[in-house]
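Q: If you want the building blocks of each chain, they are given just below.
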Amino acid sequence: MSERELLELIERYHQHQVTSSERRALEERMAADPIFAQRVREVELFTAALQNHGRQKSLRDRLNQHHQAWQQENQKETTPPVLKRRTPVQVFMRRYAATMGVAATVAIVTVFSSLLGMEMWRSATKQQTARYVELRREVDDLKRKQNALLNTNPVTPKASTLNPGQFSGTGFVLTSDGYFVTSYHVIEGADSLMIENKNGTKLKVEEIYSDQVRDLALLRVTDTSFTGFGKLPYSFKQKESELGERVFTLGFPREDVVFGEGTLSSKSGVYGDTASYQISIPLNPGNSGGPLLDDRGNMIGVISGKMLGVDGAAFAVKSAYLLTLLDQLPEHRLPKPISLPKVNNLAGTPRPQQLKKLQDFVYMVKVYN
Amino acid sequence: MISKALVTDAAIIEGILQDDDAALSRLYKLYFSMVLFFVQSNSGTEDDAKDIFQEAVIVFYEKIKAGQLELNCQIKTYLYSICRRLWLKRLSRSSRFSHGMIEDTESELAPHVDAYAEQAEQNELKFEAMGNALGQLGEPCKTLLEDFYIRSMGMAEITEKFGYTNVDSAKNQKYKCLMRLKKLFFLDYQVPS
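Sequence order for the protein chains is A and B. So in the working numbering, the last one in the first sequence is 369, and the numbering has no gaps at all. So in the working numbering, the last one in the second sequence is 562, and the numbering has no gaps at all.
Just so you know, these hints were derived from the structure itself, not from any lab. Every value quoted in this text rests on a predicted model; they were computed, and no experiment measured them. Fair warning: there could be bad hints in the mix.
Unchecked claim - For lysine to aspartate or glutamate, the following DMTMM-like pairs were computed, each having C-alpha atoms within a straight-line distance of at most 20 angstroms: (1) B:Lys551 <-> B:Asp516; (2) B:Lys495 <-> A:Glu42; (3) B:Lys445 <-> B:Glu383; (4) B:Lys398 <-> A:Asp61.
Excised from the complex, chain B in its bound form (with noise of 0.2 angstroms):
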């Protein structure tokens, strides 16, 4: 049973590794129930369930891709204390009853879960910031910056893309937007002291 678990866990972070599409479905596939379970007993929907999951997973991704990832349980457990804390987190947060006190009663793991969960929700936090203010930039300047350091387009390409007279003008139109960008980050985000 052990061995078979751990056999799935490593073809898991095989995948992720590999940028394999089917070991996030079946990461979603395994796990998401149990979460979507947990979360309906405590009196969330699946949407909260959903979140709450991908939060989770997109800090696991990440870690494995930076190769952070310090793994000393199963991939089971690990989403769920995570998902688990996260939970009681924004449940406490919102709700009249708790005030702010979460008992962890797996304390084995309740370090690594803290950090876990509190980088997961600066992460969230930090993209939807990030997201916000890529909104407010508006057109053009967000597709340029997108072209540029996302889809990491050349700047030539740019200018022709968006009929600058030349690379000069796109150059300077680019340094505008990402000040205007960074300006309107700030004021929504607080980078973590």
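In isolation and in its complexed conformation, chain A is listed as follows (with noise of 0.2 angstroms):
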């Protein structure tokens, strides 16, 4: 049998075409025969894979044809980005997009949070150069104390000793029968109300009027032991004063009373008010409600307020607005009508004379609430 028989004899037997006859004989050999075993194995493998490589190659000719019609269904979408190569600019940004966005909103909000709170903190410190103060004094323990060191006219220790109460401002006379008047933000919530002046003569009032929007107050003294404040050396003017007039007052900016004096330098009051004057005094918290008189002694205001951050601007208000208001002082709300002192003893007198004079006149106004 030649080579070729033989092969073609495998070939046959591995097809399942052999006699039986023929198929012993070969399994017989097979058993006793290890080396011709392994051939009769070598053959059929071989032959599998040639034929396997000719099914493959069928599947990949229906793969590829698949795949051209994917291809061509798909080509719009999937060419692009193949062809696309990135460059490293892209791909830096693909990367830290994200990051830098959230960087980039951190820095506007901190930007713009910084911008607008140095814009408010801005305008706020505006408001507090320019800004309308009264002048009501708040009395606290460690303002007084200090006072009490620096001074060199201590108060008298008996008052001292006493409650000073919370706030205090000024106040004048009206009518020498009680009357007393003041700035309504002095008194302001207040409980009871105490005036005392420089000798130390206090006396109990309460609250006759009020007029919030003109800051004025009307007070009466109810104190028992009250008999009179005497003659009252000044008298109040009805008409405006003039431009450039000198003008002074009494306040008790601490416990002592001050003298303050200046010229009348406008018309109008804080923000074109013309219920007010604006004068050129220096004032202090304390001095509200105080009395402002020109230098032939007549009651022209009374002392309001001042302008933070503006030098020497300081307010108060017309007397004719407190006459005013007296005269349309309902009746029936005062316990005894008004009569308002007509002389005035201070004209022609030189300022010292006049002082010693108003001093008796002029109180502190203690607040207790």
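Starting from the two chains in their separate frames, assemble the complex, guided by the hints.
A: Right, dumping it as structure tokens:
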């Protein structure tokens, strides 16, 4: 049997196309000869490989067709991303876009909030630099102690042992029988009121009427031991005073009476308020409610406040408004009719003499609440 | 959702068993883009994706045909993990970064996947070797062998087609061709030990 015939026999054996005698002979030989059996197996494997190759080739062709079909279908979507090679910048952007977004947001928020904050701070400070303040004095313990230490003229020990009240201002006598005037904001929210002058005379007073708009308050002495203030040295001026007139005031920015002098610098007050004068007298908290007098001793106004951050701009409510207020008061609100002093004792006397007479009629108003 | 996927999988397997071309087409449509995306996002091209996918599909196909398929997950997962493994292997072979180490995070499937990937690669090598050997064999040997072994033509038919004087000389010719092919094939291809 030639090699070729043997191969053909083996092939037929694998294809199960052998006669039973041939098969028996082959199988016997395979059992006896392992090398021959190996050869039979190899022939089978190789044939299988060859056949497999053919099958796979057709399968591959089919797959390629499907691939082409798929490609045609998806050409538009797939090709651009394949062709486009990303530049380093794009890669960077892709990787860090989210981080940069967050950073930018934080930066924007920070910038705007700080800008806004600065703007608000600036406007707040601006407001503070030119602000109208009422000159009511807030009495706190520390301030008072400092005052006591610094004062060359300390207050009387008797006075200082008493409750100093929470706020203080200045006020002056309106009529000799017990009417008294101060600023409304001094006594605002008061439970009880006391007035005390330079000599330490203390009187209990009560509120009769107050006008918030003009910032005026009318008080009356209720003390049982009170007999009268005595004859008033000043009178009240009905007409408006002229620009440049020399004016002065007495007040209690601290425990002692303080004199202040200046000129009438404008006939209107803060924000064009025609009910007030602007005066160039240095004033401090506690001056509120004090009388404003001209050279001849006429009462021309009631000190009300000053402008913070503006030099020498203090304000006083015109006496004319005080007088109209008194005129308009309903009679039944008054326990006694008001009779204003007509005679002026101050005119023509030098300033120290005027002040000496005046001192007894200017009081510190103490507010308890 | 799951039942739908299972139905799809079953339909595909059934289609392949019945030699339905639509099943292959379906397989391509459903899963190729997934593999393409994976390969492209791992520095490959569309052609690489095609090769990898086809390798995987051929193993899959033949396993179904031979009835050896043990599918314990969806076809999608199966194909994806094989393609992934194949591509990573190929990358690590050509890459200067990795040193032949592939960390497979999908450890659940790993043993099977490894075996399948190995098989797919062997299959590819064998196919290539056989293709090369047939190419080097030249005509008419190539056509003769293909006719006999692949197209299953009878020797009488072949004798007639190639104009041999008788069946015996055709058989002789066939034997010589087969021996040469064997030689050429084993020059190129090492049987895995």
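Q: Look at each hint and say if it fits the structure.
A: Hint check results:
1. As the CA atoms of lysine 551 of chain B and aspartate 516 of chain B are separated by approximately 17 angstroms, the hinted pair is consistent with the 20 angstroms bound.
2. Simply put, lysine 495 of chain B and glutamate 42 of chain A have alpha-carbon atoms about 15 angstroms apart, close enough for the 20 angstroms limit, and the pair holds.
3. For the suggested pair lysine 445 of chain B and glutamate 383 of chain B, the alpha carbons sit about 16 angstroms apart, so the restraint of at most 20 angstroms is met.
4. Restraint check: the Cα-Cα separation between lysine 398 of chain B and aspartate 61 of chain A comes to about 17 angstroms, which is no more than 20 angstroms; the hinted pair holds.
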